[in-house]
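This is what each chain is made of:
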Amino acid sequence: MTSFYAQYGTFAVLVVVGCALYAVIMLASRIMRPTVPSPQKLTTYECGVEAVGSGWSQTNIRYYIFAFLFVIFDVEAIFLFPWAVIVSDLDATTAISPTFAIVAMFLFVLTLLEGLAYAWKKGVLKWD
Amino acid sequence: MTVLTSTTALAQAPSILDVGDGVVLPILLKVALVLGLFFVVPLVGGYLEHKVMGRMQNRRGPVEAGPFGSLQLVADGIKFIQKEDIIPRAADKPMFALAPGLALVPALLVFLVIPLGPGVFAVDLELGLFYALAITSISVLGILLGGWASANKFSLIGGLRAGAQLIAYELPLIITAITVAVMAGTLSLVGIVEAQANFTLPGLEGFNLWFVFPQIVGFAIFFVAAMAELSRPPFDMPIGDSELVFGYMTEYTGIKFAMFLLTEYAGMITMSALMVVLFLGGWQILPGVATPGCEGAAGIMSCDPIGIAISVLVTLAKIMGLVFLMVWARVAYPRLREDQLQRISWLVLVPLSLANLAFVTILTVVL
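Chain order of the listed sequences is X and F.
Per my numbering, the first sequence runs over residues 2 to 129.
Per my numbering, the second sequence runs over residues 9 to 375.
Do not take every clue at face value.
[Stated by the list, open to error] Covered, in the sense of this in silico footprint (three residues per stretch, anywhere, with C-beta under 8 angstroms from a C-beta of chain X), are these stretches of chain F: (1) 52 to 60; (2) 106 to 118; (3) 172 to 179; (4) 203 to 216.
Quick caveat, the hints were computed from the structure, so don't treat them as lab data.
Glycine included, C-beta positions come from ideal geometry on N, C-alpha and C.
Can you build the whole structure from these sequences, using the hints too?
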C-alpha cells in the first residue's frame, strides 16, 4: 500500500463517516422530536403578515460581480501554491533563476491587480 | 526544463495512530480521533465563548448545567435534537434539508490534517495547507444553499451576503497562507511547524523565531480574514439580527439550526488551529525552547508520552487563546456595514496581502 492511498484512504473513509453522521443525527432527531404541524407554523417567517410574492426574488447584481472578481483571483491562487513551495529552493545553479521566477509571478499578479483596479474604477466596489 | 520536477518526495511524518501492520485499524483510530476532536474541542471553545462574553458583559454566563455550567452546550444539543423540525411550505424541501449537512461535513473533514502534537494528527498530507483551505470553502455552498432553499427574502439576502463575504475574505486568507508556504517551502502542516522550529533571521543565527515575527502583517490579515470567514461579529452581516432577522438561518429550527451552529464553532477551532500552525509555532512552547521530553531537530519531534501530552496541551492552549481573542473582538466592536465589509477586503486586505507576499518572497530568496 503506497503512502498516497494510505493518506487519502483515510480521507475517503472520513467523507463516508461524515455523511453517515449527518444521516444518523437527522434520524435520531426524527425519532425523538414531536411533529405537530399547523398551517400557520409552515408559513414563511417574514414580517408577521402574509409574505408578498415569492421568496426567490431579484437581488442586487453586485453579488454576481463579486463572484466574477473572486474567480479571477482564485485561479491565481491555484498557480501560486506550487510556485510558493519551490521558489525558495531556486538558486543560481538551477535552470530557472529565482529572479526569473519572482519577476514572472509578479507580472502575472500585477495583470490581475490591473483587473481589480479596473473594477474599482468602474465603481462596482462602491454602493450607492 | 526538467529541473522543476519535485526533487524529493517529502517523507511524511507518521502518525502515532499508525499501529500494527494492518490497514483497517489505523484508519478506524484516525476516524475516531477526528470525530472525538470534532465533538469535544468546539464545545470547549463554545463554553469559553459563553463564559468570557458573560464576564465581559458583567454577567456570569452559564452556571447551572454541570460544574460551572460547563455542560451547557451539551444540554443545548440534547434540547435541539428534541425540537420540532419546521420546514416552511414554500421552501425547496430536499435542498433545505441538505444544506446543514453540506456545511457540517466539511467542518468535520478539516480536522483530518490539524496537527496537535508530534504524531498527534490523523494524516500529514503533503498538501495539508491546500487541503484545509479547499475543504473550508465548501461550507459556503451549504450556506448559500440554505439561504436559497428557504424561500424567504431575509434568508436569500443573508445567503448572498454570506457568499459574497466568504469569497471576498477567502482571497487574503489564501494569499497569506501561501506567504507562509514560501517561507516554509512546504504545504505539509507538520512540515510548516518543523520549519518554524528551525527558523532564524539572517544575522540572528541561534535565535529561533516563529513566523509571526517576520510576518506580523500576514498574521493580522489572516486573523481578520478568518473572523470574516466564520461570519463572527463584527463581521456577522450575513445573520445581522437587527436587519435580516437571522439571515440564512431564519427558517431553520431544531437540529438543522444546531448543525449550522456546530459548524461555526468547529470553524472557529480549525481556523485558530491553522493560525497556531502557520504563525505561532504549532506545539512548540516558546521560540527556541525545547519541549520537555522531546528530542530530535529543534526539540519538537520524537517525544516520550509526557512530551507528547505537553505538546498537545500547548497547542490546545494556543487555540483557546485565539478563540478568546475572537470573542473579545466580538464583544468590543460593533457590526460593520455590508459595503464597508466588501471595501475592506478588496481594497485593503487583498492588495496588502499581495504586497506582503512580494515582501516575504524577496526576503526569503535574497537572504
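Hints, verified against the model:
| no. | hint | in the structure |
| --- | --- | --- |
| 1 | 52 to 60 | violated (count 0) |
| 2 | 106 to 118 | holds (count 6) |
| 3 | 172 to 179 | holds (count 5) |
| 4 | 203 to 216 | violated (count 0) |
Of the hints listed earlier, those the structure fails to meet are numbers 1, 4, in rising order.
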